[in-house]
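Following our numbering, the numbering of the sequence shown begins with 10 at its first residue and continues without gaps.
Note that these hints are calculated values from the structure, not bench results. Possibly wrong hints are sitting among the right ones.
What the hints assert, rightly or not - Computed cross-link-like contacts, DSS-like style, restricted to lysine-lysine with a CA-CA straight-line distance of at most 30 Å:
(1) Lys-79 - Lys-19
(2) Lys-28 - Lys-107
(3) Lys-107 - Lys-69
(4) Lys-15 - Lys-100
(5) Lys-19 - Lys-107
(6) Lys-19 - Lys-96
(7) Lys-107 - Lys-96
(8) Lys-79 - Lys-15
(9) Lys-107 - Lys-79
(10) Lys-15 - Lys-69
(11) Lys-79 - Lys-96
(12) Lys-15 - Lys-93
(13) Lys-93 - Lys-28
(14) Lys-100 - Lys-79
(15) Lys-96 - Lys-69
(16) Lys-69 - Lys-79
Small disclaimer: the values here were computed from a predicted structure and weren't measured.
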Amino acid sequence: MFPEYKIIEKSERYYGTYKASATTGTINRNQQIIIGLCDMMLQIWQEWQNDTRHYQPSQKTYRGYLERIKADEARLDQNLLEYKTGKQVIKDCREFVKLVVLYRVRDQRKCNVF
10 MFPEYKIIEK SERYYGTYKA SATTGTINRN QQIIIGLCDM MLQIWQEWQN
60 DTRHYQPSQK TYRGYLERIK ADEARLDQNL LEYKTGKQVI KDCREFVKLV
110 VLYRVRDQRK CNVF
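Please model the complete structure; the sequences and the hints are all you need to start from.
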């Protein structure tokens, strides 16, 4: 099994777990970050699976994903629960973006003339 499939399975599990707890009560900031990053990964995955045009994200889009991951990493609170889970989700998210987005990014330096 490819690593991106393993990562998306973990993110689906985290997303389902924390989304269910969000509907029953209040959630803390770390749980919000986990839900947000898992949601981002699932949206990227759905775009990639459903696109028949061989979708190529721009470098700006790729950098935007990395900036969001970096900002969420800075927002993680060490004193709250799920800190280790949040760090693992951030690590997985970086790997997922690298595997699924980076290798498809359009390179402006390439000549597109055949």
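Here is how each hint holds up against the structure:
| no. | hint | verdict |
| --- | --- | --- |
| 1 | Lys-79 - Lys-19 | holds, 20 Å |
| 2 | Lys-28 - Lys-107 | holds, 25 Å |
| 3 | Lys-107 - Lys-69 | holds, 14 Å |
| 4 | Lys-15 - Lys-100 | holds, 13 Å |
| 5 | Lys-19 - Lys-107 | holds, 16 Å |
| 6 | Lys-19 - Lys-96 | holds, 14 Å |
| 7 | Lys-107 - Lys-96 | holds, 17 Å |
| 8 | Lys-79 - Lys-15 | holds, 22 Å |
| 9 | Lys-107 - Lys-79 | holds, 14 Å |
| 10 | Lys-15 - Lys-69 | holds, 26 Å |
| 11 | Lys-79 - Lys-96 | holds, 11 Å |
| 12 | Lys-15 - Lys-93 | holds, 19 Å |
| 13 | Lys-93 - Lys-28 | holds, 18 Å |
| 14 | Lys-100 - Lys-79 | holds, 11 Å |
| 15 | Lys-96 - Lys-69 | holds, 24 Å |
| 16 | Lys-69 - Lys-79 | holds, 15 Å |
The structure shown violates none of the earlier numbered hints.
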